[in-house]
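Colleague: Each chain, letter by letter, is given below.
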Amino acid sequence: MNNNLFVQWADQTPQIRKNILQMIAKAQSGHPGGSLSCVEIIYTLMAPNGVMKYNPKKPLERERDRFVLSKGHACPTLYAVLSAVGHDISQDELMSLRQLGSRLQGHPDRARLPYVEASTGSLGQGASIAQGIAMSYKLDSLNHRVFALLGDGEMQEGQIWEVALSAPHQKLDNLTLILDYNKGQIDGPTNKVLSLDPLTDKWRSFGWEVSEVNGHSYSELYTALSKKSPRPQMVIAHTIKGRGVSFMEGNTDWHGRAPNVKELELALQEVAANRQIGLSN
Amino acid sequence: MSGKIATRKSFGMALADFGEKYKDVVCFDADLSKSTMSILFAKKYPGRFFEMGIQEANMIGCAAGMSFMGKIPFICSFGAFLTGRFDQIRMSIGYANANVKLIGTHCGVAIGEDGHSQMGLEDIALMRSIPNMVVLQPADDKECREMVEWAINHQGPVYLRLTRQELPQFNMDKFIPGIFPQLKMGEKMAFLATGGMLEAALNAAEGLAKKGTGKNPAVFNANLAKPLADNFMMNLADKYETLVVFEDHTVMGGTGSAIAEWVSQNAKIPRRVIRYGVNDSFGESGTPEALLDKHGLTATKIENYFS
Ligand SMILES: Cc1ncc(C[n+]2csc(CCOP(=O)(O)OP(=O)(O)O)c2C)c(N)n1
Ligand SMILES: [Mg+2]
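Chains as they are written, first to last, in this note's numbering: chain A, 4 to 284; chain B, 32 to 338.
The set of hints was computed from the structure by calculation and includes no laboratory data.
Warning: the hint list may mix true and false statements.
Claimed, not checked - Below are the SDA-like pairs computed for lysine to any residue, each with C-alpha atoms no more than 20 Å apart in a straight line: (1) K56(A) - G89(A); (2) K195(A) - R79(B); (3) K219(B) - A249(B); (4) K186(A) - Q86(B); (5) K270(B) - Q213(B); (6) K65(B) - G191(A); (7) K65(B) - R260(A); (8) K270(B) - M216(B); (9) K195(A) - P77(B); (10) K186(A) - E252(A); (11) K74(B) - T255(A); (12) K21(A) - I243(A); (13) K205(A) - Q86(B); (14) K195(A) - Q86(B); (15) K195(A) - G78(B); (16) K246(B) - N335(B); (17) K186(A) - K65(B); (18) K40(B) - D256(A); (19) K65(B) - S32(A); (20) K195(A) - K74(B).
Quick caveat, the model's predicted, so the values are computed rather than measured.
Next comes chain A alone, as it looks inside the complex:
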């Protein structure tokens, strides 16, 4: 039904991936793996006619949906998407990532860049901040939603499980957590380091509405993220770390290192050639 929309989005995505790679290459540091795995997720939320209700021309108005990037190291993706959807972040500013004085810090800094809802980078804290925003919407009878994106490694932090317990108790039907389930962290595959399984059962038993989707499929993401539920929602998005660049895909070595000139060139070619990622099933 929204197929035209998703085709439009898929057309935009290579440019976002390209920016992410160039930003990280220019900074010669950063996290390509976990940035490339969440491109479709963040774009589904913020794209024109996407899931989130907000006005990019008035990005700070009080009444809007909000998004918290809890896995802060993936901020190149957030910055690239904010820029693509019309926030005042120019192409030049994108390339200032991680430079002294830039608003685009290596991990999101709310005090410098007000479009990021929380200062993150110490994993495990963003879900609680999103919960607080959701509680505040209730308090003020604002009919808006808040989303937070978590990493699978991040989900090992105890604080996430405090939110798991607390949000259903508070009846926060306006809170949606999204898991970028790319199966990798730094010291290895997530199921070797500390397995989350059985993940769906855990969240369901805590009282959450749980969906599992292909995290690179715009149609699946859109359907799951637009869904209304009387319960807080957990969207488990199955993704591939480093998605879009064959030599980065599924390789934990690319969690936190920048491509060199040669690698960047190869990566950009692949990304430009692949306009189908968001349309996968």
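Chain A is fixed; fit chain B with the ligands onto it per the hints.
Modeller: Frame of chain A; chain B with the ligands shown alone:
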């Protein structure tokens, strides 16, 4: 060993070596073993290494429990994330006098581009507020190695603050807690430099002496923030009119504060202590060089400041 080496790497190599001799040593990490270099121990003694995943608080508690069973746990993460779990450290380790060794790496603005969230900037302030805690900061490879062995043999909690960046070798006397190794003679003024700041402070002091500024500071390696040794501190305060403490850490509560507190309370003659570090501001992204320069933590900036 003569090249430059990061103290986190010195730590990893030392722990891997000492694991042979000290069979009760065990090691924990929270998904940063390739950065803290605990991976060197993990590879050699897989059965005595525990990968906890991203669970610093749980790691702290487990280490406390293991220490009560007679093990000597080393727990490793970035200093920011480890000391960020202050209550767990305060209660499970400090209050219980648990025999746990805390390894905080990636300390200071010198980590560079990752920015504030990953920088240990308040770790010394936090750790030295806990009774029982020994707070150490090696300035080179040999000293780090000696501190690791000292920590293994010391009964009680120890915090070891380590750098991401590589540091030169200074060929100092063997580590004795409370005695700051002296690297340069001088008069009236003493530079007390910590960890990654030692090279810059030493070069600045030599520059000041050469350029006929009338200043010729002595230089010491302030390798310990707690417990300061009264005898050593008394000698320092007797001998020098001004003590300058250099640290890649906030000046609020760091090694400079520790020394200022000691001197203001105990020195026989009132002395001036200058805390020279990160002035009550957050860290940020930038190259290590640019950030050190911004905070005045380079030899040139130090030299200019005291000229
Ligand atoms: C509290 C905390 N501990 C450790 C780190 C260091 N760290 C940064 S990213 C990362 C791995 C994250 O894995 P995951 O959440 O799966 O992220 P992704 O795979 O999406 O990149 C770690 C351990 C951190 N940022 N915060
Ligand atoms: Mg992951």
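Colleague: Check each numbered hint from earlier against the structure, then list the numbers of those it violates in ascending order.
Modeller: none
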